[in-house]
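Chain by chain, the residues run as shown.
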Amino acid sequence: MLLIPCPWCGPRDEAEFHYGGQAHVAYPENPAALSDEEWARYLFFRDNPKGRFAERWNHTAGCRRWFNAVRNTATNEIEAGEVTA
Amino acid sequence: MAERLSPLARFTPVSADDLRIAEIPFLTQINLRVDPKSRAAADIGLALGAPLPTEPGTCTSAGADVLWMGPDEWLVVGPVGDGLEETIRTAAGTAHVGITDVSAQRTVVAVDGPRSRDLLAHGCALDLHPRVFGPGRCAQTMLARAQVVLAAREDDGFRVFVRSSFAGYLADWLLDAAAEYLPEGTVTSR
Ligand SMILES: [Zn+2]
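These protein sequence lines are chains A and B, in that order.
Positions in the first sequence are counted from 1; adding 63 to them yields this note's numbering.
Positions in the second sequence are counted from 1; adding 4 to them yields this note's numbering.
Some clues are possibly wrong.
From the structure, some residues in chain A lie toward chain B, with a derived Cβ separation under 8 Å [to be verified]:
id : residue
1  : 75
2  : 125
3  : 127
Read the hints as simulated data drawn from the structure, not as lab findings.
These numbers were taken from a predicted model, which means no experiment stands behind them.
Quick reminder that beta carbons are idealized off the backbone N, C-alpha and C, glycines included.
Please model the entire structure based on the sequences and the hints provided.
This is the structure:
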């Protein structure tokens, strides 16, 4: 079980969290101007690095806040979570 | 006349030397959302007898109990029907504040006595040692896989806030986990 550092509540069991996928995926500025392929890339295409990966997490069973954390996908080491708006 | 039944109305309280478990039904619970830096937050704190706790995982118990739920969210808990919502509404005035009565959302189980920490530790991953989770600390977490709010009180006492629909399950689990701390025959299998 991973111990995930919620920036508000501190380290908690993985079971208290909901995964939110890759962080910093910006919503297209002008969605209507996107081609089908560009839209599909925005919706479905994500990085899949071996190593550091910035992800979104929600502390569903705790404070219910979203935050970003960097997880090493090879070792599962997690760097301290960062508060997001 | 309709009788009001609490979620654990059928639960027989447990009372042993080292451990007591009982429901505290029908407490008034108000969910409060407000910018902690706002004037309204200060005014509400004043009306409740203590500033809203801004350190994560802490609660104040000046008049009503005020539990930290998030950076802009608190759970205010008071006795049955004491006009808590009105008090907060009056203090908030016309400011941008969310005040919601959630009294029916959860019921409260009081777990008291020197064995309370040992009992809760059977199903809770948090460190409940008094050095870490002493009086004035609270947390939203999982107890026996059910979502709960835990609040530590003086004298090894805890308040366990549990969703009404999970209350029966959690009470059964507490009884089962408590068997080793209770005199023979206290817990009967059903
Ligand atoms: Zn949290």
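Evaluated hints:
1. Checking residue 75(A) against chain B by beta carbon gives a least distance of about 7 Å; that is within 8 Å, so the hint holds.
2. Interface hint status for residue 125(A): upheld, as the beta-carbon distance to the closest one in chain B is roughly 5 Å, under 8 Å.
3. For residue 127(A), the shortest C-beta to C-beta distance to chain B is roughly 6 Å, which falls under 8 Å, so the interface hint holds.
In the structure shown, no violation is registered for any of the earlier numbered hints.
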